[in-house]
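J.: Please build the complex by placing chain G on the supplied structure of chain H, with the hints as guidance.
Chain by chain, the residues:
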Amino acid sequence: MIWVILRVMALGVWRDRAGLALTFALPPLVFIVFASVFSAAASGKLDVKAGIVDQAASVESGRLTTALKPQLSGRLTAYPNRAALAQALADGRVDAGVVVSGNLDSDPTPVTVLIDPGRRAAGEVLTAEVNAVAEHALPDVMMAREIGRLGPLLRLTRHQTDRLGRQPAPTPTTPFVTQQILSGGDPMVIYYAGAVSILFLMFTAMQGAMNLIDERRAGLRLRLGLSAGGVAPLILGRMLWLTALGVAQALVLFIVAVILYRIPLIESLAPWTVTAIAAAAASGGIALALAAACPTREQAQTLSTFVVLILAAVGGSMAPRFLMPAPLQALGWLTPHAWVIQAYQTLLWRRIIDAQVLEAWAVLAAFAAAGFAIAWSLESRRRL
Amino acid sequence: MAAEPPEIVLRLLDAHRRYAQSATQAAALAGVSLELAAGEIYALVGRNGAGKSTLAKAAIGALALQSGTVRVLGGDPAKDRAIAGRIGVAPQEIALYGHLTVAENLDAFATLAGVRRGRGDAVAEAMAATACTPRAHARVDQLSGGWRRRANLAAAIVHRPRLLVLDEPTEGLDSQTRMALRRLIVDLKGRGTAILLISHDADDVRTLADRVGVLEAGRLIAEGSPGDLMAQAFSGRQDLVVRLSALAGAAETTLLSLGLTPTDDGLVWSGLVVDAPALASRLDQALRRLGVTAAEMSVRQPGLDALIAWACTKVADDHALGHGAAA
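Chains H and G, in that order, are what the protein sequence lines are. Last residue of the first sequence? That's 415 in the numbering used here, and every number before it is there in order. Last residue of the second sequence? That's 959 in the numbering used here, and every number before it is there in order.
Looking at chain H on its own, in the form it has when it is part of the complex:
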């Protein structure tokens, strides 16, 4: 009986080719967008559009402008004055701007970075770029600044200062280095592969579960209610179908992630499969419970959209969880999304199956079981 329901639902999806295409094409597309945005943001490689005004019009400021251009890959526009740059920033034509207004080797603050409060991150990225360019392309100017600053403190004579200034500039050094502790794939890509997959699993499961309501409306439920196995196989069949569909949907999305971002899926295929099954079953369970609880399709549609979006927002499918305030991060653990993301990240990025992964599987299985139990209970009691 379970297989009959599975077959009925499978044929429903198979024969709706447009729906089938959307089911499998949309998640990878959304994933690519999210992964591109957040992967770049997390790595600090933001494609900032910048503007520059060279009020100083000195040799040094010219060198800075010239050096910034390749660094910003042609996204640097020169403006004639500060007002024009401010207007471009206000209009959104540039994300941040640089005004060079004084002598780079002697003035206390010869460079001003103009920012839009709505794009503060762009300002920070541009500041970092200007610093880096100044260090590497204008080492002599930077050295002159340091000599000018330290000379009086060290009580250097003018002769000593001039002599130091004529020395070739040393290679810039910093007291720290950054070192990546894990390698293989981009963690934000893996994050969003998990995040987008659970987001769409929920949407797909909700759509699939709606046919519980359609069946009631069409009188089918009356006929199905007379089936020899009762309600349990009817719910279980749907649950299995939603799980199978969800795993297939997640697989397509992760294959795209493998092709585009080379995430190490093959190496962790077995635990990935367990996670995909657990995630799809959890989505199916929640969707069936919601559909069973709603008397009409209209109610279910509204409620499911609300639930899917809230869970996605709180669970980290829309914005990375580490960017959220601590209370929201804690709340996220009440959603399947946070557990799915954690499981995938641990498996595919850290490449281990630890207590966190096992815990995630257990929680997802609990979501699935609870959803199934609620749906079964509500549908068994329902009198048509």
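These aren't lab readings, by the way, just hints derived from the structure by calculation.
To give an idea of the interface, some chain G residues facing chain H are shown, with a C-beta separation under 10 Å as derived from the structure:
hint : residue
1    : Ala696
2    : Arg718
3    : Ala722
4    : Gly730
5    : Ala740
6    : Phe741
7    : Asn784
8    : Ala788
9    : His791
These numbers were taken from a predicted model, which means no experiment stands behind them. Here a beta-carbon is modelled for each residue, glycine too, at the ideal position from N, C-alpha and C.
T.: This is chain G only, laid out in the frame that chain H set:
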């Protein structure tokens, strides 16, 4: 040797049901008792909201009773899955999966009903019985209304049920399909299937039913064979319908004196009369004398609405006389 009485397939005893949201309204079922034997067709008629669908759902165990019992083949269909599997239902809606073909639908419902061996034969038999075979491999959502209704009935009988509940089985069908479905229902009855028929169609009830029950406000207020009930209700009176070609004030007195009442825009007059054909002839002559032309004059058997109205009036009269409800 006396013939064995037919087996009672459905037995409802003092069934009560009131919906939670209608606490202040009349109960959906207020003490209905009825029995349906194998090979019998019981037609349930009544106004909208009288409780017909509630009674049908209670009979198949899809609706819990607040008091009273329902037994199908001696068991409770709400609890005994084997009993539930002996029931077939064709709701008024087309209760089929639109994206499946007719054959796929029947195969699915046969499996769900527990048909294991000979499922292919059962499907073929149900399709042949409902003349669906030519559309076996057509998707239900691409069929016309008539074919869908046939397929709906086929799905109800594919597991060879002992009790069949049919809700408006011929609604919206052309006369040819209607006749075909009536023949099928008679055939099922001949095979010993007990059929609970809900219908608003007087011809369905008259030609198919062995017994008719009139349901009003959750009570069975009249019951009997269609012939007996009609005779009791109308005593040989028939429905005379006259359509005038134009409004004629001069004819009103004549029409009213014969017990006819105007409907719609005053052009159509109708009423239950004794010896309707003779009266129609006399009326035609009288109208001619008044210079009024009858565009159409017809004599019909009284419809179900008239029967229901009669039953309601009778119950009210009995109640006023202190006799209690007819049922």
